[in-house]
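J.: Please put together the full structure from these sequences, using the hints given.
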Amino acid sequence: MSAEPALVSGAYALFEAAWETATELAAFFGPNRPRIDARAREVLYALGSGMTDVTASRELGISLRTYRRRVAELLVALDAGSRFQAGVRAGELGLTRG
132 MSAEPALVSG AYALFEAAWE TATELAAFFG PNRPRIDARA REVLYALGSG MTDVTASREL
192 GISLRTYRRR VAELLVALDA GSRFQAGVRA GELGLTRG
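Position 95 of the sequence shown, counted from 1, bears residue number 226 in the numbering used here, the numbering being contiguous throughout.
Watch out, some of these pointers could steer you wrong.
[Stated by the list, open to error] Simulated restraints, written as ranges between beta carbons of each label pair:
| no. | residue 1 | residue 2 | range |
| --- | --- | --- | --- |
| 1 | M132 | T186 | 18 to 28 Å |
| 2 | A137 | V185 | 50 to 60 Å |
| 3 | E223 | R196 | 21 to 31 Å |
| 4 | A134 | G225 | 33 to 43 Å |
| 5 | E135 | R170 | 42 to 52 Å |
| 6 | G222 | A134 | 28 to 38 Å |
| 7 | T186 | S213 | 18 to 28 Å |
| 8 | T197 | E135 | 55 to 65 Å |
| 9 | R164 | F215 | 16 to 26 Å |
Hints in this document: simulated from the structure, not taken from any laboratory. From the three backbone atoms N, C-alpha and C, an ideal C-beta is built for every residue, glycine too.
T.: As structure tokens, then:
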């Protein structure tokens, strides 16, 4: 514990920044929280890696058509209008954590 003004001020600013971007617990743990299986999580990681669809499908051992279908399913599950928005939403909901 410290009473050093600079340290306390920095800790307070860090807390405020985290609080400002936090997700409501009701949304995080609520019944409407999307559930994704291990395969969908792999697709989510592939999206986040920046790989092309062709490379990602090859890495996952699935056809390009299947990969794109799974991406589309993720967009629907996450109520996202774009791949970027899906990644942001997955992060907000903690779906990118093991």
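J.: Now, for every hint given, state plainly whether the structure supports it.
T.: Consistency of the hints with the structure:
1. For M132 and T186, the hinted distance range of 18 to 28 Å is not satisfied, since their beta carbons lie about 50 Å from each other.
2. The given range of 50 to 60 Å is respected by A137 and V185, whose C-beta atoms sit roughly 51 Å from each other.
3. Distance hint for E223 and R196: a CB-CB separation of about 29 Å, consistent with the stated range 21 to 31 Å.
4. Range check, A134 to G225: Cβ separation about 34 Å, and the 33 to 43 Å hint holds.
5. Under the hint 42 to 52 Å, the C-beta atoms of E135 and R170, about 49 Å apart, fit the expected range.
6. At about 35 Å, the CB distance of G222 to A134 agrees with the hint of 28 to 38 Å.
7. Between T186 and S213 the beta carbon distance is about 20 Å. The supplied range of 18 to 28 Å therefore holds.
8. Distance hint for T197 and E135: a CB-CB separation of about 56 Å, consistent with the stated range 55 to 65 Å.
9. Between R164 and F215 the C-beta distance comes to about 20 Å, which sits within the given range of 16 to 26 Å.
Going through the hint list in order, the structure does not satisfy hint 1, though it satisfies all others.
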